[in-house]
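Asks: Here's the letter readout for the chains.
There are 2 protein chains.
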Amino acid sequence: MKSEIVAVGSEMLTPFRQDTNSLYLTEKLNEIGVTVAFKTVVGDRRKDLVRVIQTALERADIVILMGGLGPTEDDLTREAVADALSLTLRRDGALVAALHARAAAWRISMPQNNLKQADVLEGAVVLANQNGSAPGQWLDMVYSGYRKLVMLLPGPPHECRPLFDNECLPRLGKIIPERHIARRTLRAAMLPESQADKLLAPIYSTYADVETTILAHAGDIQLLLICGKPTMEAARQRVDELAGKLEEALGDWIYSSQGESLEQIVLYYLGLRQATLAVAESCTGGLIAQRITSVAGASRSFVGGTVVYSDELKTAFAGVPAELIARHGAVSEEVAAALANGIRLQTGASVGMGVTGIAGPTGGTESKPVGLVYVGVSDAQKTEVMSRTFRGDRQRVREYAAQYALDLVRHRLM
Amino acid sequence: MKSEIVAVGSEMLTPFRQDTNSLYLTEKLNEIGVTVAFKTVVGDRRKDLVRVIQTALERADIVILMGGLGPTEDDLTREAVADALSLTLRRDGALVAALHARAAAWRISMPQNNLKQADVLEGAVVLANQNGSAPGQWLDMVYSGYRKLVMLLPGPPHECRPLFDNECLPRLGKIIPERHIARRTLRAAMLPESQADKLLAPIYSTYADVETTILAHAGDIQLLLICGKPTMEAARQRVDELAGKLEEALGDWIYSSQGESLEQIVLYYLGLRQATLAVAESCTGGLIAQRITSVAGASRSFVGGTVVYSDELKTAFAGVPAELIARHGAVSEEVAAALANGIRLQTGASVGMGVTGIAGPTGGTESKPVGLVYVGVSDAQKTEVMSRTFRGDRQRVREYAAQYALDLVRHRLM
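In the order they appear, the protein sequences are chains A and B.
Using this note's numbering, the first residue of the first sequence is number 1, and each one after it goes up by one.
Using this note's numbering, the first residue of the second sequence is number 415, and each one after it goes up by one.
These are computed hints drawn from the structure, not numbers from a lab.
A quick note: this is a predicted structure, and the numbers were derived from the prediction, not measured.
Hints may be right or wrong, so weigh each one.
Stated by the list, open to error - Pair ranges (Cβ atoms, derived): (1) A/His217 to B/Tyr438: 15 to 23 Å; (2) A/Met141 to B/Glu662: 49 to 57 Å; (3) A/Gln112 to B/His572: 45 to 53 Å; (4) A/Lys28 to B/His631: 23 to 31 Å; (5) B/Ser523 to A/Met414: 34 to 42 Å; (6) B/Arg585 to A/Ser205: 40 to 48 Å; (7) B/Ala519 to A/Arg147: 37 to 45 Å; (8) A/Met141 to B/Ala515: 34 to 42 Å; (9) B/Leu529 to A/Gly145: 25 to 33 Å; (10) B/Glu536 to A/Arg147: 50 to 58 Å.
Positions of the beta carbon are idealized from the N, C-alpha and C atoms, including for glycine.
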């Protein structure tokens, strides 16, 4: 079955706001085997809206309208659907009473306009909205000789999404043949994007029944595997089989076989080894600490770190000898090693990490260009330094450097 | 004039990818007085695409198609436009030669398929693409008795956007009456979102010719003012007049009158006062240091900081007496003050900031709930602590806390 998602609201035709509900609905629709064939954004003009609804009914079996159900004059979705389908709107007594009760509970007076939200399309089922005053509506009807499903949902995400989950999905489930969906997310670090598809396409393309999506960002690659089958066992078996082959092909690049983030995995390994981590960051400026501490419970394995932007702090907080910096420069293999080892000793953590590099846009030289990053990882046994040169702007270099550094710690702990 | 932006590509009908080019194009179109009335996303099915193009031509004067110009079988935009408008496609000799030259320069063999990119619609102007192999196309024609402009642009943002700027905007400029656009961005910190509009709407609503947009995120509010007039002087005068009134209404909440970020402003004030800053972060875990160091040149005023997640590091790196932590708890006014003062003394910075709080989701108590944050700011004169309780999840609490802390430093430096 083909669906169209229509986002209603002039604010989504500005440069500043984007419909994101449709991504959520798409995921849920795909899971039950419904394709999204068209997405449309239309403003709050009744004429435009009527036309968009008619176009959608002509090309899709399921039409989901989001937004335009509120109490203001700009909220015209109900009226436009009535126009488009030549249906009458009837003011629902129970909904009027509920609106009055709601206003009383909030101790606010109710403007006459609000009652619009009690208008129900002829033949529509009212869908209760737990999180707002405008209910949704569900129409199961015949248009130009074909069965069509039309859903009217409120626009705010915290109203739209639960209402769709609670009221629309179960109804769709009764109409669409049941499928069970298995999904897995594999994640890989520092695998070049250009290599990923070359390496993986020959494998996943033989699994036509498993939808494989590759998402890449700053040294992080996510492989999303989704399979729908009549039974969950059959779906899961296909996904797991393909996941196994992909994991084998990617070897150490894979850090997560269930979608966990790299910082979660690093914390997991630290816990497993009863180890603790401390970091001394220069060019990443707190990005690594911030990623690690974004995980709830990070404090069990992460003692903390330092952002040693000045040379003096490299000495004061990570014990890097001033003459080492003078001799080799702050961005050097030697200083990365000293940062890693020093922060470990100063904090008593079992693993220390030191990052120094040139994030840019200035500060590069011929021998040490913008993007050059040294990462030291130190434990009681040894201190090792690796280096890479990343291309791109300041933000990109910093993001790649943080990813690279976390991945090196993962390798040390594996 | 009304326009429709059509994003072509099945990947944009998945839950994972969204068209963002349209936001960029909308901004540029609005600037020259063109409204975006519809946005559509359609997959790589020729029949669907033809229909979408026809619908767009019926309801808009300007139709901008993005994507589907590449060399693969799925790239069908040229063919679909030809179908929709009953135009022929002609293979352009000069473009074929350019494709061969490009392949030779990259030392790659050229598959036959690639030549599709040299197909030009009857009557179209070829738009040079500096950043990719598929050129854009521009059609100025009559459809059902009305003049229509149709643009075919490549999908990748780094191709689409410069091509639109360099090739389409100048052509549109010759057709659409010239307008000059003035714009200003004001930014305010920690102004409650619910208050912003209540306070500002009575002011900006009297400037109907200045488009005012309020964007809010985690304690940061942006006011975007845009005005188009026949002369730049007239446009700028209206924007500046409104900006002046808004600034007056917002007083100290305003931190930036030209769109600079809060971290940029803090660095600006540090430079002005010839002061330096060091931070000791607990619950924000590096978020503040990361924001400051995201600004190029931050090292001139930011010496660095510490992420003192463990109590031991609070003592080791910021000199917080262990018995102070034992007596008052790590999340306390006293520890925030000691962190701020301690990090200042340990680093020799002129201003020290200390942040401690409970980011959640666990760790809250009745007297110290999740979301409670203390921020200390210390300089040679005094050490002050402020506290707030933020609602929301771990990420939201951390983001608000970082914003709040940076804003307190701004106030100290003002």
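Asks: Among the hints numbered above, which are violated by the structure, and what are their numbers in rising order?
Replies: 7, 8, 9, 10
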